[in-house]
Amino acid sequence: MLSEYLVAWLCLAYFVALAPFAPGFASLDNLRTILAYLLPILVVSVGLTLVLILGGIDLSVTSMIALASVVGGKIMSGEEGWLAGHALAVPVGIVAMLGTGVLLGAVNGLAVTVGRIPAFIATLTTMMFVSGLAIWVTLSRKIGGLPDGFLVLGQRLWVAVGIAGGAAWVAHAGLSRTLYGKWLYAIGHNVRAARVSGVPVGWVTFGTYVVSGGFAGLAAILFTAVLETGNPEMARDNLLDVVGAVVIGGTSLYGGKGTIVGTVFGVLFLALVDNSLNLLGLSFYSIMMVKGGVILAAALVDTTRNRWRGGAR
Amino acid sequence: MTTRPDFPDPVCDAHRGRASVLARLDLRALASLVLAGLLTGCGPSADPGPTRSGAASRPLTVGVNFETLQTEYWVAGFEAIKTELKARDIRVLESVADGDANRQLQQVRTFITRRVDGIILVPKDAKTCIPAIKAANEAGIPIVLFNRPAAAAEGVRSVAVVADNRKLTRETVAFMVEQARQTGRKHKAMVVVGDLGDINAIGRKDGFYDAVQGQEAVVEVVAEVPSEWNQEKARAGVVNALQAHPDISFIFSSSDFLFPSIVAALKSANRYHKIGAPGHVILGGFDGDATAYQMLVEGYLDATGVQDVYFEAEQCVQALLDQLAGKEVPPVILDPGFVIHQGNLEEKKARMWGAHVARR
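Chains as they are written, first to last, in our numbering: chain P, 4 to 316; chain F, 23 to 382.
Honestly, the hints are just simulated from the structure, not real lab data. Treat the numbers as computed from the prediction; the structure is a model and nothing was measured. The beta-carbon is built from N, C-alpha and C at its ideal position, and this holds for glycine as well. Be aware that one or more of the hints could be misleading.
To be verified - Quick list of the computed label-pair ranges, beta carbon to beta carbon:
| id | chain 1 | residue 1 | chain 2 | residue 2 | range |
| --- | --- | --- | --- | --- | --- |
| 1 | P | V140 | F | G177 | 26 to 32 Å |
| 2 | P | W311 | F | E101 | 44 to 50 Å |
| 3 | P | P121 | F | R203 | 53 to 59 Å |
| 4 | F | Q316 | P | F132 | 36 to 42 Å |
Unchecked claim - Derived DSS-like pairs (lysine-lysine); straight-line CA-CA distance at most 30 Å:
| id | chain 1 | residue 1 | chain 2 | residue 2 |
| --- | --- | --- | --- | --- |
| 5 | P | K294 | F | K108 |
| 6 | F | K104 | F | K189 |
| 7 | F | K210 | F | K296 |
| 8 | F | K289 | F | K371 |
| 9 | F | K370 | F | K108 |
| 10 | F | K208 | F | K156 |
| 11 | F | K296 | F | K189 |
| 12 | P | K77 | F | K296 |
| 13 | F | K189 | F | K370 |
| 14 | P | K294 | F | K104 |
| 15 | F | K349 | F | K108 |
| 16 | P | K77 | F | K156 |
Said to hold, decoys possible - Residues from chain F that keep clear of chain P, each with C-beta distances beyond 12 Å, as calculated:
| id | residue |
| --- | --- |
| 17 | R179 |
| 18 | R188 |
| 19 | Q204 |
| 20 | D228 |
| 21 | N262 |
| 22 | G298 |
| 23 | H302 |
| 24 | E320 |
| 25 | P353 |
Required output: the full structure, derived from the provided sequences and hints.
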C-alpha cells in the first residue's frame, strides 16, 4: 500500500542508494538547492491535497499562481508598480497575491457547489480564463524590479522553510485534528453518506477550493520571490509535478484518502529524482520518462488499492 | 457505490494496524533525519571535485542548460554547443528545464554544486534568469547566454551571444519587399509576431517595420497576428486575417517553426502556390529551420533569415574560454546571420542548420 510511510522510506532509500553515484548529491549546497526548489511546489501541492481528498480536482492552481504573480508585480515593482517605492507596497502586494488565490478559489468553489459544474470542467475553464487574463494584463511582459523586502521571502532559505513548513503544518493540523478534516475525508469517501450524516457538504467543498486558492496565492509569493519576477507564465508547466507529487504521496485520485505528510514526502521524492538524474548526467528525455514512469506507477498503485477496497466510485 | 458505517478518522487510523505507535515514532525520526539533513547538509559530499585553481591541470567541464528543446532550433543549438565543446576536449554536463524557470534555477545551482568551470544557458526569459546568473556570479563561474540576453540588472554579469534579430529581419523583409516591387503591383501584408515577452520577438517585429517603413507604395501592412510562439494560436490568427483580408499576398513569420500553421491556413484558403505561379503569396521567415529549407527547395518560400547556430555555438564556447583566461569579453556578441533565398540557396545551404536537420 502506497502511504506516507512507504514514500518516506522510499525517499531515504533513494537518497542513500544514489548518494555514492550522483556526484555532489549529498552535499550541503545541493541539499539546499533541492529544498529551495521544492518549497513553492510543496505549498501548492498541500492545497491540492485537500481538494483531492475531497474527491475533487483543481486544474487551475498553476494559472492562479501566474495571475497572483502578475498582481504582486503590478503592485510592488519599483519599475512600474502602482505602489512603487511606497512603504506599503510589500504588505499590500502580499495581501493582494493571497487575495487573488482566495478569490479565484471562491469562484471555483461556487462553480462546483452552486453551479454544480463538474470540478474538472470548472477548474479547467478557470485555468484557461486566468492564464489568458495574466498574459493579457501584461502583454506577456515579465515584471522585474521587485523590492528587497519581498524578495527575502523566497531567497532566505529559513524564511521560505518557515512559510512553507507553517502552511503545511496548518493544513496537517486542520486535517488530522479538526472536525473540518473529518468532514473532508467523509465527503471524499462517500458524499451521499456524508450528506445524510449531516456534514455541510456544500460549505466544506466551497471552503476547500477557497483554501486551495489561498495556498496557490502563497505559492505564488514564494515562486515570485525566488525568481525575482512577476511572470504571467509562472509555474505554467508545474501542474504535472504537483499532481504527480500528491499522488506519489499516497493521496487517492478517487478521494477520501491522503495526508499532508505523504504529500511532503511525495514532493521530496520527485525533487530527489529530478535532481539526482540531473547530477547523473542523464538526458532530458530520460529524466522525463523516468519521472513519468514513477508517477504512472503511483497512479496504478492507487487504482489497484481502490479496486481492492471495493470502492468503484 | 459502497458506503462506510462511520467516517474515516485519519488520526484513529494512524493508531490501528500497520500504523502503530512504533511506526509513528519511526516516521517522526525519519522525517527529522531527512529534514535535518536538508537544513544542515550533514550528508557526505560524493564529489569534492578539483579546485578551480587546478582547472589548468584537468579537463574543463561546462554545464549546458536549455530552457526547452521544443523546437528544431533549440535541438540544433543544443547539439552544436555540445559538439563544439567535445571538439575542444571539454567535458559536458547537460540539463533541460522543460519551460520551468524554477527548475532552471535549480539546475544551474546543480552545475555550481558540481563545480563546473563555465555555464552556457538558454534562459527561460530575460528576467527570471537573473537569480541563476547571480548564483553563477557569486560562485565565480563565467556564464554565457545562448540566443537570449538577460535584462539589465545591477551587479549581474553575463555574456550573451545573440542573433542580430532586428538587422537580420530588416534584411530579410527588405529582400521580400524587393520581390514584391518586381511584381509591379501593391501587396497587402501580414506579420506573424512571437511572444512579446521575448526580446528576440520584439527585435524581429521592429526589424519588420523598419523594412516596410517608407515602402507603402509596394507593401501595406493590414494584419499583425500575435502567436505567443504557439502554432495553434498562429494558425487561428492567420486564418482570421485571411478571412478579413482575402487579398493578403505578403506574409512574414517571426519564426520558421510557425510555417506549418501558416501553410495550413494558406492551403485551406487555396492560397499556397509556388514562386512564379499566379496567386503566389510572398513568404518570408526567420531561423532557417528544416521546414524553411524544404520550402525553399520546393520553391514555395522566398527568403528566410538564418541564425548561424554554428557561429553562435563557437562564440559561446570561445567567450567562456576567454573569460577563464582572464580576457575581456564584450557583454553582447552579435551573430550577423544571413538571408537565404532562391538565388543563393546552393551557395549558403552548407551554413544553414535546417538543411543539416532536413538531411538526417
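To see whether the hints hold, each was checked on the structure:
1. Checked against the hint of 26 to 32 Å, the pair V140 of chain P and G177 of chain F passes, with Cβ atoms roughly 30 Å apart.
2. The supplied range of 44 to 50 Å is met by W311 of chain P and E101 of chain F, whose beta-carbon atoms lie about 48 Å from each other.
3. A hinted range of 53 to 59 Å holds for the C-beta pair P121 of chain P and R203 of chain F, which are about 58 Å apart.
4. Taken as a hint, the range 36 to 42 Å holds for the pair Q316 of chain F and F132 of chain P, whose Cβ atoms sit roughly 38 Å apart.
5. Proximity of K294 of chain P to K108 of chain F is assessed by CA-CA distance (about 28 Å); at most 30 Å being required, the pair is judged to hold.
6. For the proposed pair K104 of chain F and K189 of chain F, the alpha carbon gap of about 28 Å is at most 30 Å, so the pair holds.
7. Restraint check for K210 of chain F and K296 of chain F: the C-alpha separation of about 18 Å stays at or below 30 Å, so the hint holds.
8. With a C-alpha separation of about 27 Å, the suggested pair K289 of chain F and K371 of chain F falls inside the 30 Å cut-off, and the hint holds.
9. Among the hinted pairs, K370 of chain F with K108 of chain F is consistent with the structure: their alpha-carbon atoms are about 26 Å apart, no more than 30 Å.
10. Distance check on the hinted pair: K208 of chain F and K156 of chain F sit about 51 Å apart at the alpha-carbon level, beyond 30 Å; violated.
11. In summary, the hint linking K296 of chain F to K189 of chain F is supported, as the alpha carbons are separated by about 27 Å, within the 30 Å threshold.
12. Our distance criterion of 30 Å between C-alpha atoms is broken by K77 of chain P and K296 of chain F, whose separation comes to about 48 Å.
13. With a CA separation close to 18 Å, the supplied pair K189 of chain F and K370 of chain F stays within the 30 Å bound.
14. Proximity of K294 of chain P to K104 of chain F is assessed by CA-CA distance (about 25 Å); at most 30 Å being required, the pair is judged to hold.
15. The hinted pair formed by K349 of chain F and K108 of chain F meets the criterion: a straight-line CA distance of about 22 Å does not exceed 30 Å.
16. For the hint pairing K77 of chain P with K156 of chain F, the CA-to-CA distance comes to about 24 Å; that is within 30 Å, so the pair holds.
17. Look at R179 of chain F: its CB is around 16 Å from the nearest CB on chain P, clear of 12 Å, so calling it non-interface holds up.
18. Here R188 of chain F stays apart from chain P, with its beta-carbon at least about 18 Å from theirs, past the 12 Å limit.
19. Distance check on Q204 of chain F: its Cβ is at least 37 Å (rounded) from any Cβ of chain P, clearing the 12 Å threshold; non-interface status holds.
20. At roughly 15 Å from the closest C-beta of chain P, the C-beta of D228 of chain F stays outside 12 Å, upholding its exclusion from the interface.
21. Non-interface call for N262 of chain F relative to chain P: holds, since the shortest CB-CB distance, roughly 17 Å, exceeds 12 Å.
22. Under the 12 Å C-beta cut-off, the non-interface status given to G298 of chain F relative to chain P holds; the minimum distance is some 38 Å.
23. Its beta-carbon lying about 33 Å from the closest one in chain P, H302 of chain F satisfies the requirement of being farther than 12 Å from that chain.
24. With a minimum CB-CB distance of about 31 Å to chain P, E320 of chain F clears the 12 Å threshold, and the non-interface call stands.
25. No beta-carbon of chain P comes within 12 Å of the beta-carbon of P353 of chain F; the shortest separation is about 18 Å.
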